[in-house]
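Quick note, the sequences are listed as chains S and H, same order. Positions 0 to 126 (numbering that gives the first Met the number 0) are the ones given, in order, by the first sequence. Positions 0 to 413 (numbering that gives the first Met the number 0) are the ones given, in order, by the second sequence.
Honestly, I wouldn't trust all of these hints.
Derived contacts from chain S toward chain H, CB cut-off under 8 Å, selection only [stated by the list, open to error]:
(1) M19
(2) H24
(3) I28
(4) V53
Note that these hints are calculated values from the structure, not bench results. No residue lacks a Cβ here, since even glycine has one placed at the ideal position from N, Cα and C.
Listed below, chain by chain, are the residues.
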Amino acid sequence: MAKILVVDDEAQVRGMLVKMLAVEHHEVIEAENGAQGCKKYREHQPDLLITDLVMPEKNGIDMILELKKEFPSIRIVAISGGGGITGSFDYLPVAKLVGALHILQKPFSLQALKSAVAEALEMPGVH
Amino acid sequence: MRPMAELPEQLPKKNLRILVVDDDPFILQEIALHLMAADYRVESAESAAQALEKMDSFHPEIVLTDWIMEGMDGLELCQALRQRKNGRLLYLIVLTAHDAEESLLKAFAAGADDYIPKPVSPRVLLARVQAGARLVRLQLEVEQARREQAERERMAQQIQRAHKMQAIGTLTGGIAHNFNNYLAAILGYAELAKEMFPGVGEGQLDDFLDNIHQAGSEARDLVVSLRSFSNGGSGSRKAPLQGVMLDEIVRMLQPVMSASILLKTDFDKDIPLVLVSQDQLYQMLMSLCINAREAMEGAGEIRLRLRQVRDVRASCASCHEWLSDDYVELSICDSGRGIDDDTLQRVFDPFFSSKDAGQGTGLGLSVVHGLVHGCGGHVRVDSEVGKGSCFRLLFPVDPQAAQAAEAGSTGTGS
């Protein structure tokens, strides 16, 4: 059991993630954008951050960069529907570049999420 | 009477072509000499039949013909000339000794624009030809303006089509992004429900959830295609485009083609280095070959050819950008029913399908458009109804890519 922060602006996706993680007996904290995500991460210092990338009020990439400075060993799983509203740019590879341990393309299977979470929690922190 | 030198300056300085027709060689020569002296380009014909023969090689703007001739006479010639393609644009002058009112009216009725009384006065000849030349030049200017206008309209239409493709790309990309969010929730909850409540209602709930999951998965595949259209399918590993790669793809395509379809290949070995993703190339060729198969109603020949094409001067069939460069071209040609012009304008639009409803997704060529542009390439289409279609994928010859590959790094994936 771990403490996990879930950041996604889509309430539907966020709700589903929370339930999926709860089934696995994790303690889940929610945030709906990057700014809120930063605040809650500092407040709760969870074991893992699962975050969407395209969000209003600080996107996922900026949030990762900011938190990475303060918490170099932060564990991150990035999820995205791919592209922004213009649909032309894929942010997932960028997330990997800035330090996400796993990236998941939405929609992903329950199994894919479970193994990404398990592996990220097992991995030694990235320094 | 106005001498030639007084022609208004703004008229095009072009030596007009005059065909002179008379069965009297002496008169013919004299008229021709007078006209040549006034800087017209002149050809002569000794009969109406000869005149008609010369029309296609000489293309005169003005025809000056005698009325009374052996065989076909001058008025019959006028009538015949007016019937020809663009015959209405000719300026026709009849030489006549019949200057009675009824005769002149007959000449005009046959299509003449003017007449010159015989015996011919050289000054009257030049004056009347000059009057005709003035009208011809004005007519040429009008024609020129009309052509330029048509060209401008064609360009505007092309720009509009290019904008439309961009707009559709943005729209589909946006839809894809949002749909992935909804699908994440739909598929995720279906899986979660199945895991948390197994066997409910004697397994009926599992069935329902499986159906939800199945439909969601199909929607996910559709979104993948839409994204390929809008962003060209990013992140795939690339390798040099060569015959070896294509041979392998053709082997994979073979089972999809029926036995009565012959896949013929001709891959040049000596082509510049071009990097493509084999998966994406397979996807493009699969779409194009399936379309070819449908167009040939199950039997015929598909020719795949790889070669270098230099200095292509044409516009891209889907993004409409004007091309003027060297490319490596992979063409897929079939002997099918061909595509008419109206359809050709829309084949790359997402969800446009010429197949019966339910027969195709209408995304095949949209994905081809997305993927080929994703590698910096373009696509051209030649098609003739009843003869067949040729889709030409053009890949840019990139010196930088060539250098990188020589240095041993062919992977550009993430």
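Taking the hints in turn, this is what the structure says about them:
{"no.": "1", "hint": "M19", "in the structure": "holds (6 Å)"}
{"no.": "2", "hint": "H24", "in the structure": "violated (13 Å)"}
{"no.": "3", "hint": "I28", "in the structure": "violated (19 Å)"}
{"no.": "4", "hint": "V53", "in the structure": "holds (7 Å)"}
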